[in-house]
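Visitor: Now for the letters of each chain:
6 protein chains.
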Amino acid sequence: MSLIKTLNSQDEFVGFYLIKELEIKQTNSTPAKDYLDIVLCDATGQLPAKYWDASTTDKETFFPMGLVRVQGLVQTYREKLQIKIIKIRKATDDDGVFLTDFIRSAPIRPVDLIYTIKQAMDSIQDKEMHTIVSFCVKKVEERLMHYPAAKTHHHAYFAGLAYHMVRMLELGDFICKQRPFLNPDLLTAGIILHDIAKPEEMTAQLGIVSEYSVHGKLLGHISMASNWITEAAILSNIDLNSDRVLALQHMVLSHHNSGEWGSPVQPQIPEAIALHHIDTIDAKLQMVEDALDTTPEAENWTQSIRGLENKAIYRMKL
Amino acid sequence: MSLIKTLNSQDEFVGFYLIKELEIKQTNSTPAKDYLDIVLCDATGQLPAKYWDASTTDKETFFPMGLVRVQGLVQTYREKLQIKIIKIRKATDDDGVFLTDFIRSAPIRPVDLIYTIKQAMDSIQDKEMHTIVSFCVKKVEERLMHYPAAKTHHHAYFAGLAYHMVRMLELGDFICKQRPFLNPDLLTAGIILHDIAKPEEMTAQLGIVSEYSVHGKLLGHISMASNWITEAAILSNIDLNSDRVLALQHMVLSHHNSGEWGSPVQPQIPEAIALHHIDTIDAKLQMVEDALDTTPEAENWTQSIRGLENKAIYRMKL
Amino acid sequence: MSLIKTLNSQDEFVGFYLIKELEIKQTNSTPAKDYLDIVLCDATGQLPAKYWDASTTDKETFFPMGLVRVQGLVQTYREKLQIKIIKIRKATDDDGVFLTDFIRSAPIRPVDLIYTIKQAMDSIQDKEMHTIVSFCVKKVEERLMHYPAAKTHHHAYFAGLAYHMVRMLELGDFICKQRPFLNPDLLTAGIILHDIAKPEEMTAQLGIVSEYSVHGKLLGHISMASNWITEAAILSNIDLNSDRVLALQHMVLSHHNSGEWGSPVQPQIPEAIALHHIDTIDAKLQMVEDALDTTPEAENWTQSIRGLENKAIYRMKL
Amino acid sequence: MSLIKTLNSQDEFVGFYLIKELEIKQTNSTPAKDYLDIVLCDATGQLPAKYWDASTTDKETFFPMGLVRVQGLVQTYREKLQIKIIKIRKATDDDGVFLTDFIRSAPIRPVDLIYTIKQAMDSIQDKEMHTIVSFCVKKVEERLMHYPAAKTHHHAYFAGLAYHMVRMLELGDFICKQRPFLNPDLLTAGIILHDIAKPEEMTAQLGIVSEYSVHGKLLGHISMASNWITEAAILSNIDLNSDRVLALQHMVLSHHNSGEWGSPVQPQIPEAIALHHIDTIDAKLQMVEDALDTTPEAENWTQSIRGLENKAIYRMKL
Amino acid sequence: MSLIKTLNSQDEFVGFYLIKELEIKQTNSTPAKDYLDIVLCDATGQLPAKYWDASTTDKETFFPMGLVRVQGLVQTYREKLQIKIIKIRKATDDDGVFLTDFIRSAPIRPVDLIYTIKQAMDSIQDKEMHTIVSFCVKKVEERLMHYPAAKTHHHAYFAGLAYHMVRMLELGDFICKQRPFLNPDLLTAGIILHDIAKPEEMTAQLGIVSEYSVHGKLLGHISMASNWITEAAILSNIDLNSDRVLALQHMVLSHHNSGEWGSPVQPQIPEAIALHHIDTIDAKLQMVEDALDTTPEAENWTQSIRGLENKAIYRMKL
Amino acid sequence: MSLIKTLNSQDEFVGFYLIKELEIKQTNSTPAKDYLDIVLCDATGQLPAKYWDASTTDKETFFPMGLVRVQGLVQTYREKLQIKIIKIRKATDDDGVFLTDFIRSAPIRPVDLIYTIKQAMDSIQDKEMHTIVSFCVKKVEERLMHYPAAKTHHHAYFAGLAYHMVRMLELGDFICKQRPFLNPDLLTAGIILHDIAKPEEMTAQLGIVSEYSVHGKLLGHISMASNWITEAAILSNIDLNSDRVLALQHMVLSHHNSGEWGSPVQPQIPEAIALHHIDTIDAKLQMVEDALDTTPEAENWTQSIRGLENKAIYRMKL
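Chain order of the listed sequences is B, E, P, H, W and A.
Going by the UniProt record's numbering, the first residue of the first sequence is number 1, and it counts up by one from there.
Going by the UniProt record's numbering, the first residue of the second sequence is number 1, and it counts up by one from there.
Going by the UniProt record's numbering, the first residue of the third sequence is number 1, and it counts up by one from there.
Going by the UniProt record's numbering, the first residue of the fourth sequence is number 1, and it counts up by one from there.
Going by the UniProt record's numbering, the first residue of the fifth sequence is number 1, and it counts up by one from there.
Going by the UniProt record's numbering, the first residue of the sixth sequence is number 1, and it counts up by one from there.
Careful, some of the hints might be misleading.
One copy or two, either will do: identical chains are not told apart, so a pair holds if it fits within one copy or between any two.
[Said to hold, decoys possible] In silico EDC-like cross-links for lysine to aspartate or glutamate, where the CA-CA straight-line distance does not exceed 20 Å: (1) K118 to D290; (2) K25 to D37; (3) K84 to E211; (4) K90 to D293; (5) K33 to D112; (6) K177 to E289; (7) K317 to D243; (8) K59 to D293; (9) K25 to D11; (10) K84 to E12; (11) K217 to E142; (12) K33 to D53; (13) K84 to D34; (14) K87 to D53; (15) K33 to D101; (16) K177 to E211; (17) K118 to D95; (18) K50 to D34; (19) K139 to E231; (20) K50 to E60; (21) K217 to D243; (22) K80 to E21; (23) K25 to D293; (24) K138 to D122; (25) K139 to D112; (26) K177 to D93.
Keep in mind that the hints were calculated from the coordinates and are not lab data.
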């Protein structure tokens, strides 16, 4: 097996990979010929690949998110590696390969992430808050097992959303100890709820977001979560005007901090201030970690990162 | 009766007025003496007034929003008119004066405004939209009779909110005729719902906003209205995922156009674009009208207006 | 006849079309061969087309804005339709086809638009304003029959400028009735004059802007129109310091509302506020309408629109 | 004679001064008494002054811009010097004092400034440019003898506008020698014309701007100057479409560099780029010089200066 | 002893307080009389106070930062409490009161804060980094015992700077454990150095900043600290081009994240990203804590806080 | 010899050129073939060139910054000129051609620029300032002979940095005469030091910047120069707290004027204000000159220039 990360120019190789993207294109020659323009990936990285002279059968056989066995040659095109596919076939049950082995994912097993989130949820003493949080978690519990936290920004991989929550819960716990004026119930609830509607905002498979849903574009995950809290309260007979409902909705609505970033109100209670900054520090450090992980060891600079003022990160050797 | 608008420097006068603001202050003299620092108003305008040497009884007798009979003298202080109160007493039932005669209000009777709004509401053919709009209107119907549309920005007077709606409904009607691709039901519903939660965002009496409510600050009228739509749908057995619910929530959430102005999403359906601009043009022209109305005839320039790029408006004589 | 809008992949067809754009390009093969890279359009839409192996005669025969008869085949290239031209010849008089049948244009006949604009102009009671408006309209009257209102932004088609004026005149009329403090003469004059210099700011043919003129870039249509008003006043013996000249120049100079958008002064008279917002609402709604019209029925989202906060518009089915 | 600059706390003094500002105010005492709240100045600076217990005659005798003889006492109020006026009377012809001796003014005599400007004007070889510049200079020649360049920003004193022009002409001359691709005629003309309409934008007396004119607010000096160039061309039979007219109008319209600062177009010819930066450097350095001149020797920091990023300037001793 | 926090309107009281601010003012009466306008504070809060009819001796006796014994009366002026001073004298040694008992200070003893900082410093394994950090700490060690972290923004009290460092060190420690790719030496060094030059940027006494120094204004604490690192390296024979010097200077220079906030470069190494966000979260939460601490228990809203988007914080009761 | 500037479409030619850029690419044909995608330049301009069917030897023979003899044919590709290389070989010593003849460079000989800079340096009377400036100049003296002032922005050619300094020194000299309150020593020192660290911020060869250095990205030339001044002072026994050191560091740190442009502090002494604006005017006018020089005579508009508000410059014929 040849892992993507280990391939070098001029290597001939055989291996199993996931087709992450696939487009049928035409050459510029006359007459034009069809070829498959593919992105192959495994858990260690991804590379562009070309399958020249694709037959009609080929075009009907290969699709994104399919596992394939490839015999190929690594070439250099415009200073970047690219695979020329010599042979390609779909993987079969007999090959004993599994989709989940070919994608990037959180470093902790989804089942453990969910367990931790549920424990945190059950640590909430306030009964009404616990009820509302449970209601919302139940809506997405299954998807929490695999949804990423974003399309590209940060934690963009299998179970990235749950992983982001868990890290934030750890930080929240620590900060509540540093600063006793913070209400741990409210902060815990806010951390669990703040991105809870993301699985309905985006369509994702195997940790890869393909697009935003219509609801996602027209309402946004922030307002959706606010609506869910309303729904939870009504269906659980909790007074819509109670301070708990108010506090939870405020936490969710304000967590992007400013209108420019999509929050209709700014944080105005201590826990909302804490939530915003815990979210930020975890997202930013994860962007750094993800960028370092996906930059070849030999390179000192990552690519520039939109969420970090468009700066590249330098790998200092100290 | 001496209307505020007609008072000139050195006039001695008697009249009934509303105490719009009242503060007990101390003079700088030693020992300091208490006096009442008052703003008197009637429907034609307002003036500052001082009642020197206020007794303990005085301080317990006079309050904001009370009607009083005043005998006074008009003086000039720092180039502006100011009333020196000579005698003051509370108005009694025998005086035959009514609060509503002393405040600025919409040029159309509240009862007629409500009638027009309800007619527009009943013109909505779509049953689900009609149900949701009715539910929300019912929540605030009583307050629509008198609430202003804003604290100071525009339509800041008795029934200003309903008046703003009615004018927008007229414009919306006209524009739907100009542009048949717009859905009149949706635009009508959007106009009625866009500011529907303002009476819970602000605390107002007689068309004068005293402060924002806690809910108003922590959620904002935009998210509150979105929650009401959720509530309406649940209680009326309308599918929360229906396109109608989606469209109405999008109209409300996007009507401030940008995050900077408090909308968590931007308008992305034709009627939402229309709603935002109808709201804008009506508010801006009302600011102009209000500024011209409250600027003395003799002056060519109004004060500068925050909502109009901080510009003053010039009264051109053509 | 095969209308552009009705062509599907793999169709073979014959039809007359307008060459909207044409570039001679070389293939990447060695030796490189010349081919014609063309955009064909008719009034229903446009498609890219390739004419491979163009001869020297071909390169001297075909030009942008020429009508041609094409025999072609519809292919799919990068998920978009593209025409492979099999045969192409110039249209002749005998073909009985006319340029104006092949371009997008306002939904009202130019002659009717001009008639409406002139009627509005003649409704101006103030003699000096009428004189100035007439002078400026005369400068561009012929071009008003076909000029677009912008290069791409909105109303970018045959007679789009006149159509924009007519719609604004309707709205202006309605708003003057809603708000009697507005001077209808001044608003009407402002609507007619605000974009009157656009035909000298841009070079356009058949409703398609090819480029901005040197005067357009160095002065801009706003200052040009201001200069025309000065010119009109001098040549008609109107006092340059009269309030009418001042008001008309202010209307034109301020109609983009802020310096950021090219207005050297901000609106400071009621009619200038109205003019800016009438211009805005008509332009924005036209952007929506144009985007919906040029998006295939089968698609729910238009492309993103620069003038609408870079948002795409969703075609909601209610 | 006691110059303002030399007065210290507790000084008793007599001298002639100009009343720069005067307001009749009332004390807070009961009953309130009238007093005169005055700003006294001479060419070396200015100080606030109070004349307590002003009689009716006093109130009708003293006005802004009048010369007075004052006997006074210097006090400290809120850590700043303030004059308590003991005696005050209007200056008479016999006193032999002249208004112009009491105001800040350019360090070069107005007559010499005008002479230099006219020489520069006459150095313009291009006949049409010379004609247009002459026409515009003639419009304001008299006012150039005394107008300031701005209300407060920079060169806000007697003949400040002409002084600003002269300094810019010197710099322009030097830079044309450094960079021969610049057209000296065009740069000279642009320097003379760029602020030429300021005397109609602002109302000023003795180098002190009291307010902006209606034309100034509704059109701005930039568009006014552009209109003057149109007027000059028409009345001198110069083709309105000539490149000279275009170039001069572009210089004037673009000299504030960006829409944010009031220019409807950005500089797009070399001389316009030069003009903007020569204007900037002269204005900024003059702000520094003015701030240093009006800051007491004993203080190291000037007040903060709006035009210099709101920074104060430090007087370094090297 | 009457603590500031416990005083209510109409209370007569005696107690020791610190004069935080003192200005000699004049009454508006004629003739004007001098009085002392004072701010009295103790560790529980502060109140304005007036001492009417101040004698010449009084004016020479009382100064800011002096301890006094006051007999007074609490009044309400413009809805706020204010002290009328009846008797006042300087505190003497016999009174047994100490300055440090009267000021707000960090909740941990300075000596313990310094001990913790030094322990963190000594945990730095890298010898060169340890040397540079030691050098810089030595420069300000004495002042670290009492300096605040800012003038008003956050941690504006006795030993606030050291307290801020200690809290950040705790957080840094925790985050290094969460994310092993971070270099703990570098992050610890960065936390200690990032604000190390603040004691030379500001002049402070008893935790209260009176002004910025000339060096502070002209260089800023960020560039000063960068210069100190250069100095430390030269004097300790560390190669100026070493990666350690580079990394430490980058940490300091980039910690405000953007040019807008005074950082000449943006964070581009993982530890610099972490430093910025640890600094931010600690400062923001401290602003919340400080605001809550200084807001009377009876009030639900703090004053609006500049560093928190100008929002007030709501004290939610859950 | 055929100069780049003189080549026209269809010309066959032979000449020596510098390879400015070279990339090995593959054609889209199957199988793909390698070709060399080259940018050829001489001192008069540059053109893209293709060398089809490159052999393995070719790929190992030709590199950027190499001189070559080319026989070629000028073609038009996408409306732009492009060279088809027929024969190519490396230049040899016998060819008698020199690298420096093939690059853009300052219009004054480097040796003369350095001489002028040193003369200016030696005109500095203040001994400490002279010492510090000398120290810093010595660090980069050799590189000043050839370094450009920027990567692309302005003065991006051989010795551009020294040329920029010389022009600024001339302007500084003139302005010190106009405004005697400026200290010529300090302004001269500031001009020489402001960009002195650029040769360590960027890696350049023959006046062409290939990339920013790690120090350049993590510290920036502004902070590096500030550190050099510290270094100079320590090694020359100048008091680090002296006003000279402070003034020079302030000049350097503030010369980009605002945080947005990389200055951690804003100019707060007169000479720093002057420095910033002299730097700006020289850079902007050089951008104009460079753009005009590299735009073919036949074209009226240059390309749009990032540093000039993204505007193109028009070549007016007057």
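Visitor: Please go over all the hints and tell whether each is borne out by the structure.
Guide: Evaluated hints:
Taking CA atoms no more than 20 Å apart as the test, K118 paired with D290 passes in neither setting, with 26 Å inside one copy and 34 Å between copies. Taking the shortest Cα distances, K25 and D37 sit within 20 Å of each other both inside one copy (7 Å) and across copies (18 Å). Taking identical chains as interchangeable, the C-alpha atoms of K84 and E211 are never at most 20 Å apart, the minima being 29 Å within one chain and 32 Å between chains. Taking the shortest alpha-carbon separations for K90 and D293, neither the intra-copy value of 29 Å nor the inter-copy value of 42 Å comes in at or below 20 Å.
Taking the shortest alpha-carbon separations for K33 and D112, neither the intra-copy value of 49 Å nor the inter-copy value of 52 Å comes in at or below 20 Å. Taking CA atoms no more than 20 Å apart as the test, K177 paired with E289 passes between copies only; the shortest distance there is 14 Å, against 26 Å inside one copy. With identical chains, the CA atoms of K317 and D243 are at most 20 Å apart between copies only, with a shortest distance of 8 Å across copies and 51 Å within one. Proximity of K59 and D293 under a CA criterion of 20 Å is satisfied in neither setting, with 34 Å inside one chain copy and 33 Å between copies.
Taking CA atoms no more than 20 Å apart as the test, K25 paired with D11 passes between copies only; the shortest distance there is 19 Å, against 25 Å inside one copy. Taking the shortest Cα distances, K84 and E12 sit within 20 Å of each other inside one copy (10 Å), while across copies they are farther apart (34 Å). Proximity of K217 and E142 under a CA criterion of 20 Å is satisfied in neither setting, with 22 Å inside one chain copy and 35 Å between copies. Proximity of K33 to D53 under the C-alpha cut-off of 20 Å is found in both arrangements, the shortest distances being 6 Å within a copy and 17 Å between copies.
In the homo-oligomer, the alpha carbons of K84 and D34 lie at most 20 Å apart both inside one protomer (15 Å) and across protomers (15 Å), since each shortest distance falls under that limit. Taking the closest pair of Cα atoms, K87 and D53 come within 20 Å of each other only inside a single copy of the chain (12 Å); across copies the shortest separation is 27 Å, beyond that limit. Taking the closest pair of Cα atoms, K33 and D101 never come within 20 Å of each other, the shortest separation being 34 Å inside a single copy and 36 Å across copies. When the C-alpha separation of K177 and E211 is checked against a cutoff of 20 Å, the pair qualifies neither within a copy, at 39 Å, nor between copies, at 35 Å.
Proximity of K118 and D95 under a CA criterion of 20 Å is satisfied in neither setting, with 36 Å inside one chain copy and 59 Å between copies. When the C-alpha separation of K50 and D34 is checked against a cutoff of 20 Å, the pair qualifies both within a copy, at 11 Å, and between copies, at 17 Å. In this homomeric assembly, K139 and E231 come within 20 Å of each other (Cα to Cα) both inside a single copy, at 11 Å, and across copies, at 18 Å. In this assembly of identical chains, K50 and E60 lie within 20 Å of each other by CA distance solely inside one copy; the values are 16 Å within and 27 Å between copies.
For a Cα distance limit of 20 Å, the shortest separation of K217 from D243 across copies, 13 Å, qualifies, whereas the shortest one inside one copy, 29 Å, does not. In this assembly of identical chains, the alpha carbons of K80 and E21 lie at most 20 Å apart whether taken from the same copy (18 Å) or from different copies (17 Å). For the homomeric pair K25 and D293, neither the shortest alpha-carbon distance inside one copy (31 Å) nor that between copies (29 Å) is at most 20 Å. Only within a single protomer do K138 and D122 lie at most 20 Å apart by alpha-carbon distance; the minimum there is 13 Å, versus 39 Å between protomers.
In this homomeric assembly, K139 and D112 come within 20 Å of each other (Cα to Cα) only inside a single copy, at 19 Å, whereas the closest approach across copies is 46 Å. Taking identical chains as interchangeable, the C-alpha atoms of K177 and D93 are never at most 20 Å apart, the minima being 51 Å within one chain and 41 Å between chains.
When each numbered hint is compared with the structure, violations occur for hints 1, 3, 4, 5, 8, 11, 15, 16, 17, 23 and 26.
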